[in-house]
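Turn these sequences into a full structure, and let the hints guide you.
Order-wise, the sequence lines are chains V and B.
Taking this note's numbering, I'd label the letters of the first sequence as residues 1 to 434.
Taking this note's numbering, I'd label the letters of the second sequence as residues 1001 to 1324.
By construction, these hints were calculated from the structure, which means they are not laboratory data.
Please note that a few of the clues may not be correct.
Stated by the list, open to error - Below 25 Å or equal to it, Euclidean Cα-Cα: the simulated DMTMM-like pairs (lysine to aspartate or glutamate) are:
1. V:Lys218 / B:Glu1106
2. V:Lys191 / B:Asp1290
3. V:Lys218 / B:Asp1184
4. V:Lys306 / B:Glu1106
5. V:Lys191 / B:Glu1106
Residues per chain, in single letters:
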Amino acid sequence: MCSSRRRFLSSVAAGLAVCALPARARELPVVKLAFIDPLTGPFAAVGQNQLQSWQFVADRVNRGNTAGVKFEIVPFDNKGAVQDTINAFQAAVDQGIRYVLQGDGSGAALALSKAVSRHNTRHPGKEVVYLNYAAVDPALTGSDCSFWHFALQPSVPMTLQAMTDDIRNRPQIKRVYLIEQDYSFGHQVAKYAREMLALKRPDVQIVGEDFVALGQVKDFSPYIAKVQAARADCIITANWGPDLTLLIKAAQQSGLKADLYTFYASSLGAPSEIGPHDAGRVKLVYYSNPNLPGVLQSLEQGFRDKYKQDFSVPVTYTGLALLTAAMTKARSIEPLKVAQAMEGLTFHTFNGEVTLRAADHQLLQPIYLSSWQPVSKANPYDVENTGYTFALERTYPPDKTTLPAQCTMQRPLTTLVYPVQPPKITASKVSGSD
Amino acid sequence: MDTLLLSTLNGLSYSLLLLLLVSGLTLIFSLLGVLNFAHGSFYMLGAYLAWQSGQWLGFWGGLLLAPLGVALLAGGFEIAVLRRLRPQGHLPELLATFALGVVLVEAARLLWGSAAVPYAIPAALQGRLFRLGGLDFATYRGFVMAVALAALGLSWLLLRYSRIGLIVQAALTHARMVAALGHDVAAVQTAVFAAGAALSGLAGAVGAPLLVTEPDMAASMGVLLFAVLLIGGLGSLRGAVVGALVVGELQTLAVAVNGSLADVLLHLGWAAPAAWPARDGLLASLLHLDVARAAALLPYVLLLIVLVLRPQGLTRALGSDEAL
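Next up, the structure:
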């Protein structure tokens, strides 16, 4: 009731401001966002939760926003596969959708980024913008960067900057074991972890490195046995989905005493497996912490009331905050103009003021180091009703984790601004070409 | 050494879980001549039923109720669908089980959602049985082994020495004769289908706390089951035992191996292939692939090799009418 009145009022305001049409004739423009991620297969649970998060945040933002638009999430199932991602993208384009959201799997993300660029070159005036809300392979903002791709989560080296920084301050860690998923992302994690540890803690030994087939391994106990045999005191893992849950489960059953530095311990289902046994030993290095004050608290509460699950994908809020801010700035929902407006944009989201770096379209935001602890006054959020929480230990502001941009971006020709008249072709040159 | 022993034991508990599943599949195939494609879904359903009823009755109640529930459902399906399709041959039956598998998974998704449910090890079975090489062997793994062995032993005794077992065995090879003697062969078939499904449900109920309870567990286990079945030899219980042990230990122990095919060749004194750069073509990258990285795929590689060299499976002699 209240929200419809607010929508009515804002549409009145928009109507008066733009062309003084009768208020009732003006509907808010609808921006459709194609969600392309696994809704079936081993990572279905992750994908479903992400979809719900996007829909939930869209509902929230649709109650009223500065851009005066409504967002609608249209789900597509890519089954976690590259080819299906491209097919889904094509289906979305055929439906006239101009914005795509994708995140699970850097392989799919790289292919999608290329497909979007190709589509945009071939169909000027019908460009599509790609918001990548989870894939973090540095190639996406580096060697394979694209003007149409926007990375909303810290890339692999940024997260590892924070992680290795913490290891530098903990001299008791001497032997590190890497367990990663066997695709480009996992290999990037292993590569940067080695490089950064060699730089920051040359005395630390990498005593083992295992790559597990994505979503295929059911019993992780042999990996844990290897970790123990290598006498490792710390595991670095960027596993996600069941590959993380099963790893934690196996470590616990074997009574492993090593620290676990994770990228995704807060993702759906993983906290339920950690339990009291691992208090203080599981670390999360992430762009969010469930105890952050402000808008995140109300989002978490609302999501829990609606879906009986934790709000574990807060980047969805950042995504729509970015779009709203850019659409407000551009006074348009046209993807090209919005993309240009997003470059270098500083806006406010649940983890403070953040900036989308123009050079490589990487969002620069704080990274939080948290540790699995019982719920306390300072850290009251009860994660997945376990009685435990990710207690905030350290905040790394963007300048501590950011690496120089390594992207030579091809911008669309229309963005070229000539300060003076474009150079004229002289007569001599014309005759010379004859 | 201790680590290897522990890994072997972990592999054994996983093998026994596989065996519990495959023996049910074998039983059904032997008697009905149908590959039950819904077997993975029965496994999933067992886990969910155990978890759901465990909410009201506690872990033990759930463990008891789950196989019964799965057996009831499977028996009903056999009577309502499979029996009617039987006159039309095995293909329609096979397709019907496939359809049932899909329906069960989607029903679970609707009922319980696609996220994993927190089906956990009960407090009484937490902790370790013993310690080996600085690591625990979980009590629950021992429990899984015990349950699997008990269920398998009981089924074996029942088949071998009881009157019902005698009729089932006779129905395997001489169905018409058994019918002529006044036994209800159709009822025997229903009972066997239900019993095979119950074993699968039990595997789900007892095994899921070690793994993850989610709708997708049906698909991921279902595929592996057929590999186990074919590696061991279709339709023989001995084959099921061999297949389950080989696959379970292969997946577990391969992880413990540090090295690649190139290292093996190097060890044998053939240095040339090891010198190929790892990024140079498919063959070279295969040679340099760590065995541990391929662990999850090894059962399928083995399946291909077995199918080419010994299509009847590792144990079964081709063409023999070995009954279970």
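Here is what the structure says about each hint:
The hinted pair formed by V:Lys218 and B:Glu1106 meets the criterion: a straight-line CA distance of about 21 Å does not exceed 25 Å. Distance check on the hinted pair: V:Lys191 and B:Asp1290 sit about 17 Å apart at the alpha-carbon level, within 25 Å; holds. Distance hint between V:Lys218 and B:Asp1184 is unfulfilled; the C-alpha atoms sit about 41 Å from each other, more than 25 Å. Pair hint V:Lys306 plus B:Glu1106 holds up; C-alpha atoms about 22 Å apart against a cutoff of 25 Å.
Proposed proximity of V:Lys191 and B:Glu1106 is contradicted: the alpha carbons are some 40 Å apart, above 25 Å.
Hint compliance for this structure: hints 3 and 5 are not met, and every other hint is.
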